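S.K.: Hints given; two lone chains; assemble the complex.
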Amino acid sequence: MPLSTVVDALFAPTGISDHVVIRELRLPRTLLGLGVGAALGLAGALMQSLTRNPLADPALLGISEGAVFGVVIALGILGITDPALYVWFAFAGAAVAFAAVHALGSAGRTGTSPVRLALAGIALGAVLTAASSAVLRLDTQTYDRMRFWMTGSLAGQTADVVVRLVPFMVAGIVLGLCLAGPLNALALGEDASRALGANIGRTRVLAAVAITLLCGAATAAAGPIWFVGLAVPHAVRAVVGPDQRWVLPFSALLAPILLLGSDIVGRLIGSPGEVQVGIVCAVIGGPVFIAMVRRRRLAAL
Amino acid sequence: MTPITSLRTGNLSIRLSPRGLLVSAGLIVTAVAGGLLAISTGDFPVPIPDVIAALTGQGNPAARIIVADIRAPRVLTALLVGAAFGVSGALFQSLTRNPLGSPDFLGFTSGAATGGILATITGGTAWMIAGSALLGSLGAAVSVYLLAFRRGSQGYRLVLVGIGVSAILVSVNSYLLTRANINDAATAAAWLTGSLSGRGWDHALPVALALAVLMPLCAPLSRPMRMIEMGDEAAVAMGIPVERVRLAAMAVGVALCGVATAAAGPVAFVALTAPQIARRLTHSPGVTLVTSGLMGAVILVLADLAAQRLFGAIQFPVGVLTAALGGAYLALLLRKERR
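Residue numbers (numbering that gives the first Met the number 0), protein chains in the order written: chain A, 0 to 300; chain B, 0 to 338.
Just chain B, same shape as in the assembly (with noise of 0.2 Å):
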């Protein structure tokens, strides 16, 4: 047993395990290692200590506008999408109790996704792209709500009728893609993979808000949430309120996702392997938001980072790396259940 201190102020109290607290630090310590090396090299190296100097308004013209207006705000993005992909995850394989439950395949991306070629194609800004992409989303999570609940919404039909969802909304969106002419359909197929080429700071704003509003929201919700997982049943003896618990981790999960979606494109398998990695790390017996958070940024930038490099001349969208890491996390699965 993992000795736990608990902190306590006024109504809240929250456990802290140390390997928890070890772990959040190390992950901090790899995203900020991570995005510094991102920023300081590519074709036009700039040494960490002008780094610092040109984000802090000073040094030369040219290192500044590279590190402050294209590499600062693409490594930001890829930070705060990650960890908002995380916590989503996070709350979804907590609310379906299981591994496999992540946004990703509950049809929320894919409305999303609907929504951003919509605008894409139409010829949208950058800002109408991320905004009809979280409507889609929203209305993706919404359908997907109405149409699972029957007596209560239980996981195991939330999923299923997700895939449904998703499916339908997939086929639209190659619908879609098979209507525009081809260099729309380039653009709108980029975005669908996944990618942080390009994003400048009107993309990170937004997803910054929200983990700033949506974070603390969180936090009320993990214990009642971890009864839950033990059980509508039991919850519900414990004098949790469920279907409530469970729309509002919905509602806080689906706004995270649409809104990292709206900034990135559906970046694939970050929610479904950040929590589980955390999960193993801080030795939890359930996912733990904060440090699936933590752990989705440095997957993220460190992802972004390696699509950027490793290939040479060819650089691929960032959802390319990640969908691979979410192949390595199925074989890791797969083999587990071997034995």
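Bound conformation, chain A alone (with noise of 0.2 Å):
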């Protein structure tokens, strides 16, 4: 499709099936794409500045997990099929999910590590997956509906669902990039930060609140997508350096990038069908995850 019917598509639609195609099937996509991107990468930002911990990732630590029992649950079980109530169980999902998996994995006597972080989201997201597949059981045909958006798809999601979560992902992202300055302060140590005169309390609060709804509302959208949320960020850092205020905005820009891209390479590489973009993720991101973790002892944040 030539260039200049897109952008008459988009500017001067004229009802031909071209222009349909990409109003109703291929906008929709991309504007989730770029929603989804962005959410990702900024709460992987988030958590990895909130938590210290450079292997914060949503789906790492099991909060994409709780956001899809959350889903799970309320498509499979409560029948809610209207996706601006469902985020809400997204939602929950995601702030229990987090909450659990950070007393896991931060307190005790040895103090945060990452590992210790890493094992315990992994041993969350295990238990939430088993719960999700055991509530899939009991319905072949809601389970036939989830497996594609459990591996993490953009496909299949129409201009209505996208228009309904946008407002969930673009607080969450406003909220985010609004913790900058704060985040700043709380990386200096908690009592530097004190002296400085910054809100713990109400910074870490936020972060969270920041964190569950750009997971709850990605995940609800395109599933659990592993290793977005982790490798941009670090790559970001080693262009801009820590600053907060440069990490967070350029996570948000960059992480779309790479879920487009990751999407289109699905596209090329499965066609005629396609692989899902959450499969091409972590097909992608789990060697560099692995590379990172060879090349250098894991600094805490």
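Be aware that a few hints might be false.
Distance windows between CB atoms, simulated [unchecked claim]:
id, chain 1, residue 1, chain 2, residue 2, range
1, B, P219, A, A102, 35 to 45 Å
2, B, I47, A, Q140, 36 to 46 Å
3, A, P271, B, R222, 58 to 68 Å
4, A, R203, B, I313, 36 to 46 Å
5, B, G122, A, R294, 37 to 47 Å
6, B, S196, A, W245, 49 to 59 Å
Selected chain A positions facing chain B (Cβ under 8 Å, derived; list incomplete) [as the list claims (entries may be wrong)]:
id, residue
7, A119
8, A122
9, T139
10, M149
11, T150
12, G285
Just so you know, these hints were derived from the structure itself, not from any lab. Remember, it's a predicted structure, so these values are computed and weren't measured experimentally. Even for Gly, the Cβ is constructed at its ideal location relative to N, Cα and C.
M.R.: As structure tokens, this is what we get:
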């Protein structure tokens, strides 16, 4: 489809089939990719900064799995199909998972350790995934619908769903970007940031709310997607340095590029079908993660 | 201090704590009782004396078919798979020096699952599925070990590389599931949760063989592993060949977990929880292999019993029950950390 047709479809639609395809299928999918990517990248950056842990990632720490479980309960048991309603279940699941994994991974005698947090997240994620599949097992039809979504996919969401989820993503992104200054203060350590007059408790709660909004909305839209939230902030930090005022916005910009790129790759190699974007991200991101682990000792952020 | 006696024959000497022996005996009794209960109850109840008669080839033919061909192999598979997972979990928790370092999270069960799914959707037989699962698990383990190896393999790097490999394999698995038709996918998904339904003697036999071969190999490993738990430097100073012991322990652990996964699917959390529960029961400072294995057997046979009987007409795969157990275990850890 030539670029001029795309421009026409966006600004002067005439109702020919090409225009309909672009407006009804490809535009929502692209917008969704942009929103989900920005949400995941920012959520990853916020989590890494808040937990001061280089391994924080929405899916790695079980938060996306919490959101998935929430959605599975809403769809499979309660029969709620309106995305604006079931997104609240995703939020609830994400919030509970985040609280639990934070408590499991960062408390204790040994103090915060990246490995501990990662293991706690993986364990929690495994419990939640098993619970989700137990619910789905009762109902093969819901399973058939959910198995694509559960791998992380941008396909199959209509413009209507996108419109309903975008406000939550925007709210999370705005809130997250506003927290850059306080998070910078927090990075100095609790005592130092308190001495600077930062309100630690408020920053933590607001950051947790932003993370929940971002992860919940992104997961409700596209399912759990691995490694975008992990790799992007690291790449950004390597370029712009540790200042959150740069890291957060650039993470929110770079992540959608990665996500849409992966989506295009998935569609090209899977043609005539497609490989779900979550799978492409994991297959690309997994080796990056392993290289990161191998390269150096993981310092606490 | 509990009094400790030791048993010496020739070059071998095994330390025995009375409490450990007591706990082991208790676990054996529980496992046998749970197994007998699982065999004798159900839609067609068979009283215990008839069970024993049926197992020795007497009694009425209907009871003989139900007991000897259906229920006994299932129970035996549960016991053996549970024991294999328990021992494998104990080995890995000791290796990674972390109570959460179980083979479930290190990519080995995901690798086994990849092999299993490939065989399932290409229409393989039970033996092919088992063999393919074992190969997948070994392949994943070799990749994790090689990728984590850099001037020696440290516990934490094993864990993190395992998580990365596991994530890749999980997404490959779900890709395979989306490619399969819905019936194959549902079958494979049931296997992926970990299920004991329909397991026969040809599932139990490989696990029994693997346990018989691999358990004796664990005995000479347990003491050097206790030393390595104190840290690599300390162990080297004591004259322990750290890397060789670690490789051997990993090989045994992966083989056990691969064989068990091949038989019953990746039953979650047995390998995670069994060593920890056993450790608390025996009051031992570290994880112990034999009690962990017994505990795993008890957990799996009871969980399978509960999964079959607890929910009336709906029979959940046993993996759902053990996952709930894992959740309870995590909650317990959470409460302990709060204090």
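S.K.: The structure should be examined with respect to each hint, and the outcome stated for every one.
M.R.: Here's how the hints hold up against the structure:
| no. | hint | in the structure |
| --- | --- | --- |
| 1 | P219(B) / A102(A): 35 to 45 Å | holds (40 Å) |
| 2 | I47(B) / Q140(A): 36 to 46 Å | holds (42 Å) |
| 3 | P271(A) / R222(B): 58 to 68 Å | holds (59 Å) |
| 4 | R203(A) / I313(B): 36 to 46 Å | holds (42 Å) |
| 5 | G122(B) / R294(A): 37 to 47 Å | holds (43 Å) |
| 6 | S196(B) / W245(A): 49 to 59 Å | holds (55 Å) |
| 7 | A119 | holds (7 Å) |
| 8 | A122 | holds (6 Å) |
| 9 | T139 | holds (6 Å) |
| 10 | M149 | holds (7 Å) |
| 11 | T150 | holds (4 Å) |
| 12 | G285 | holds (4 Å) |
Checked against the numbered hints given earlier, this structure breaks none of them.
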